[in-house]
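Dock chain B against chain A, hints included.
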Amino acid sequence: MQIHDQPTLKAEARNLNFYYGEAKALKNINMPIYDKKVTALIGPSGCGKSTYLRSFNRMHDLYPGNRYEGEIRFFPDNTNLLSPEVDPIEVRMRIGMVFQKPNPFPKSIYENVAYGLRVRGENNRRVLDDKVEHALRGAAIWDEVKDRLQELASNLSGGQQQRLCIARALATDPELLLFDEPTSALDPIATAAIEELVHELKKRVTILIVTHNMQQAARVSDYTAYMFLGEMIEFGKTDEIFIKPQDKRTEDYITGRMG
Amino acid sequence: MKPLTTEEIRSVIARGKFKDNLFKATGVFCLALALVVIVALIADMVIKGSERFTLDFFLNFASRRATQAGILSAWVGSLLVMLVTALAAVPLGVAAGLYLEEYAKRNWLTNIIEINITNLAAVPSIVYGLLALGIFVYQFGFGQSILSAGLTLALLILPIIIVSTREAIRAIPAMIREGSMAVGATRWQTCRYHILPYAMPGILTGVIIGLARAIGETAPIITIGALTFIAFLPPVPFTETGEGTAGLFDWVMSPFTVMPIQIFNWTSRPDPAFEVNAAAAGFVLMAMVLSMNAVAIYLRYKMRKNIKW
Numbered sequence: 577m578q579i580h581d582q583p584t585l586k587a588e589a590r591n592l593n594f595y596y597g598e599a600k601a602l603k604n605i606n607m608p609i610y611d612k613k614v615t616a617l618i619g620p621s622g623c624g625k626s627t628y629l630r631s632f633n634r635m636h637d638l639y640p641g642n643r644y645e646g647e648i649r650f651f652p653d654n655t656n657l658l659s660p661e662v663d664p665i666e667v668r669m670r671i672g673m674v675f676q677k678p679n680p681f682p683k684s685i686y687e688n689v690a691y692g693l694r695v696r697g698e699n700n701r702r703v704l705d706d707k708v709e710h711a712l713r714g715a716a717i718w719d720e721v722k723d724r725l726q727e728l729a730s731n732l733s734g735g736q737q738q739r740l741c742i743a744r745a746l747a748t749d750p751e752l753l754l755f756d757e758p759t760s761a762l763d764p765i766a767t768a769a770i771e772e773l774v775h776e777l778k779k780r781v782t783i784l785i786v787t788h789n790m791q792q793a794a795r796v797s798d799y800t801a802y803m804f805l806g807e808m809i810e811f812g813k814t815d816e817i818f819i820k821p822q823d824k825r826t827e828d829y830i831t832g833r834m835g
Numbered sequence: 406m407k408p409l410t411t412e413e414i415r416s417v418i419a420r421g422k423f424k425d426n427l428f429k430a431t432g433v434f435c436l437a438l439a440l441v442v443i444v445a446l447i448a449d450m451v452i453k454g455s456e457r458f459t460l461d462f463f464l465n466f467a468s469r470r471a472t473q474a475g476i477l478s479a480w481v482g483s484l485l486v487m488l489v490t491a492l493a494a495v496p497l498g499v500a501a502g503l504y505l506e507e508y509a510k511r512n513w514l515t516n517i518i519e520i521n522i523t524n525l526a527a528v529p530s531i532v533y534g535l536l537a538l539g540i541f542v543y544q545f546g547f548g549q550s551i552l553s554a555g556l557t558l559a560l561l562i563l564p565i566i567i568v569s570t571r572e573a574i575r576a577i578p579a580m581i582r583e584g585s586m587a588v589g590a591t592r593w594q595t596c597r598y599h600i601l602p603y604a605m606p607g608i609l610t611g612v613i614i615g616l617a618r619a620i621g622e623t624a625p626i627i628t629i630g631a632l633t634f635i636a637f638l639p640p641v642p643f644t645e646t647g648e649g650t651a652g653l654f655d656w657v658m659s660p661f662t663v664m665p666i667q668i669f670n671w672t673s674r675p676d677p678a679f680e681v682n683a684a685a686a687g688f689v690l691m692a693m694v695l696s697m698n699a700v701a702i703y704l705r706y707k708m709r710k711n712i713k714w
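The listed protein sequences correspond, in order, to chains A and B.
Taking the numbering used here, the leading residue of the first sequence gets 577, the next gets one more, and so forth.
Taking the numbering used here, the leading residue of the second sequence gets 406, the next gets one more, and so forth.
Please keep in mind that the hints were generated in silico from the structure rather than gathered at the bench.
One thing to keep in mind: the hints can contain errors.
[Stated by the list, open to error] With a Cα cut of at most 27 Å, we get these calculated DSS-like pairs of lysine-lysine:
| id | chain 1 | residue 1 | chain 2 | residue 2 |
| --- | --- | --- | --- | --- |
| 1 | A | Lys707 | A | Lys778 |
| 2 | A | Lys683 | A | Lys722 |
| 3 | A | Lys600 | B | Lys510 |
| 4 | A | Lys722 | B | Lys713 |
| 5 | A | Lys613 | A | Lys813 |
| 6 | A | Lys707 | A | Lys613 |
| 7 | B | Lys710 | A | Lys677 |
| 8 | A | Lys820 | A | Lys677 |
| 9 | A | Lys683 | B | Lys713 |
| 10 | A | Lys779 | A | Lys707 |
| 11 | A | Lys707 | B | Lys510 |
| 12 | A | Lys722 | B | Lys710 |
| 13 | A | Lys683 | B | Lys710 |
| 14 | A | Lys677 | B | Lys407 |
| 15 | A | Lys820 | A | Lys778 |
| 16 | A | Lys813 | A | Lys779 |
| 17 | B | Lys453 | A | Lys683 |
Just so it is clear, the structure is predicted and the values come from calculations on it, not from any experiment.
The following block holds chain B by itself, in its conformation from the complex:
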């Protein structure tokens, strides 16, 4: 082949550059579109809901009058349900992920388990609701309580936590494991001193992504029968209630509502004044999710700083 002249080389580059720029422009357009939609949604909620951003909105129970209705029972309910979810899902998910990566032998059984964990992440959340209705609400007799809701959402996010735990563990180089085993450590010592601490940023990210998903879930919570109109809080431990002093864990059996249900309830009312409440509550929910993500990013950054191979 004859070598190209300078002119020809320049025209080849120019053609290449044109495609380069074309793709760049397309990319920027797509990105901007997505961002504009999100920003518009948030702005819409803020504008619509602005007249409800008062302290009373956070401290009032639900009410038939839109201007007096608040989200107290909803945000308290959401936080308590998340607490139960985290307490149930984190130890289970991390232990399961650790076992699968560090202890389990590779055979057909673990392969089937692996495939199914990935599949579980794709099961529609309403199915978890139906499962929970049968098992937690009726079989175990937990009723329509914070405990039932927390455990349901825990099941829902368990696959997310297991998968992210496994990925975080897999990112640890084999030489670290070997270095630990070579001084005579057991598997558990290796996990306890190395694998778990080094995987922690990744695990934490998975946990928070899971919780952020759970806090917005509506379908399974409705399925197990959360109330939509509730004008009391779960009993605070060791305070006087109508039936005597509340125990440390009485609140887990309490009826409850959560943010997405409260929003859903308000949007389905005929009175347009409730749309303002819904928009305001939607913004609060959004802020809760975003701040959870912010915490995740901060913690991951802080923890990763010290972990270098």
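So here's chain A without its partners, still in its complex pose:
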């Protein structure tokens, strides 16, 4: 592999351990996340992929008894996201997240997208209008909702709601976007739309996506990490992982012999 092929680093987990109380959920994870690439996390249920993902935006800080060890370095400024001196709110302002189940707020479509901007103190109507439209276009849902921005978000279909949630995350221009099994509650057509969107989004933003679905990982990602029992078993380019896994456990999982 030549040096100029090597993409730039956006983030890197270094010796990351995570504990839910006494239970160790992540074991010494080391892994790079490359800039403007899609990295997929795969592995059987309970292997710690979501736990790992939620470490990036410090979601675990919302609940008592959780503890991190090690670092997640975030570039270009080389901030340690897990450092106690770094405010989790600052981290979440730089890193967006889309959840497993669409979770729009019971407010209007417009207010859902504008929320992140309002939280940042933006109240100028024209700026909000612009950014809301831009985000909705970015999430490929503008044409479906442009005539009913003031309607309740709960009136949208599941797939539309999920794209709205992506727009909500995009509105504040995150540097990294976390997807936690974003299509597990959606039908195949809505899933295809989200996958296409992920493909489109990586031009603008780095993406880390947890998925249960190996075909999905193969379709959307540039890099794939296989996790098992809280450990990072294997990380590599997606085509290499799927065609020629180095580890027996990875091979068993992707060939369907396990998990």
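Chain B only, in chain A's frame:
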């Protein structure tokens, strides 16, 4: 086991159905009994009190002559006391509930506080009256005023408001909270834009249930020494009274009476003509409580329409 024949299956179902119907009948009977009692009570008050349902009854002060006695000072007193109660109890109760659910760490201290809030709801109201007599009436020097009564009842319904606030907040799914925090909101922003608005229907229900309970309370109000015979209204702000212009909040220090005390007073008179007044006033009090509940149901329905997860 041998499979049952069709005959046997039918007899099993028939036995089951019989118990089903038996329970249904018992249930309907119990429900009807309760309803009949309530309807009978209301009807009794309406019939007994019917000759007093005139405008004068609402506009007259208490009087020694039953036919001329009215409930003006009582319903005005009740409304003003409720106003003070609501102004004191709602912010305190909602803030306390919000703090306990969204901010407080789970430890032994918050556990003790939690248990005691639930216990407070079960404290007999006369005890609140005694407490208020010592603290509000004498220690703080509020006297036997609307302020003392309002604050007393506020203490009484505080646990109801705290508990219903917490329940309303707990019904909001964690994913809404996470969705808000994930875009970089602070806890307060999350509470301000999401938790409080979405919990509002439940909070409102609790507030009105609390107020409906407070408006019928008699014991603590008697304990702090509300008057039973009163022939004047609290001073209206900025009007002339005997001692000069009334201030904006002079009314809170005024002596007062409330509906249940007026009713109690009339029922304890020897002259049976006052029983008519008591029945009529009882019906008015009942109507006040029921209309408060109706408002609660309407508001909850209206607000919940837009809140779906």
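Results for each hint:
1. A/Lys707 to A/Lys778: Roughly 19 Å between the alpha carbons, so the hint for A/Lys707 and A/Lys778 holds.
2. A/Lys683 to A/Lys722: Given pair A/Lys683, A/Lys722 holds - Cα atoms ~16 Å apart, limit 27 Å.
3. A/Lys600 to B/Lys510: At roughly 22 Å apart (the allowed maximum being 27 Å), B/Lys510 and A/Lys600 satisfy the hint.
4. A/Lys722 to B/Lys713: Holds, because 22 Å separates the two Cα atoms, which is no more than 27 Å.
5. A/Lys613 to A/Lys813: Given that 27 Å is the threshold and the Cα spacing comes to 11 Å, the pair holds.
6. A/Lys707 to A/Lys613: Answer holds: A/Lys707 to A/Lys613 is near 24 Å, not above 27 Å.
7. B/Lys710 to A/Lys677: OK: B/Lys710 and A/Lys677 at ~22 Å, within 27 Å.
8. A/Lys820 to A/Lys677: Status violated; Cα separation ~33 Å.
9. A/Lys683 to B/Lys713: 9 Å, holds
10. A/Lys779 to A/Lys707: Judged against 27 Å, a Cα distance of about 18 Å means the pair holds.
11. A/Lys707 to B/Lys510: 37 Å, violated
12. A/Lys722 to B/Lys710: Roughly 23 Å separates the two Cα atoms, so the pair holds.
13. A/Lys683 to B/Lys710: At roughly 12 Å apart (the allowed maximum being 27 Å), B/Lys710 and A/Lys683 satisfy the hint.
14. A/Lys677 to B/Lys407: 48 Å, violated
15. A/Lys820 to A/Lys778: 25 Å, holds
16. A/Lys813 to A/Lys779: 18 Å, holds
17. B/Lys453 to A/Lys683: Not satisfied, since the Cα-Cα distance of roughly 51 Å exceeds 27 Å.
This entry does not satisfy hints 8, 11, 14 and 17, going by the numbered hints stated previously.
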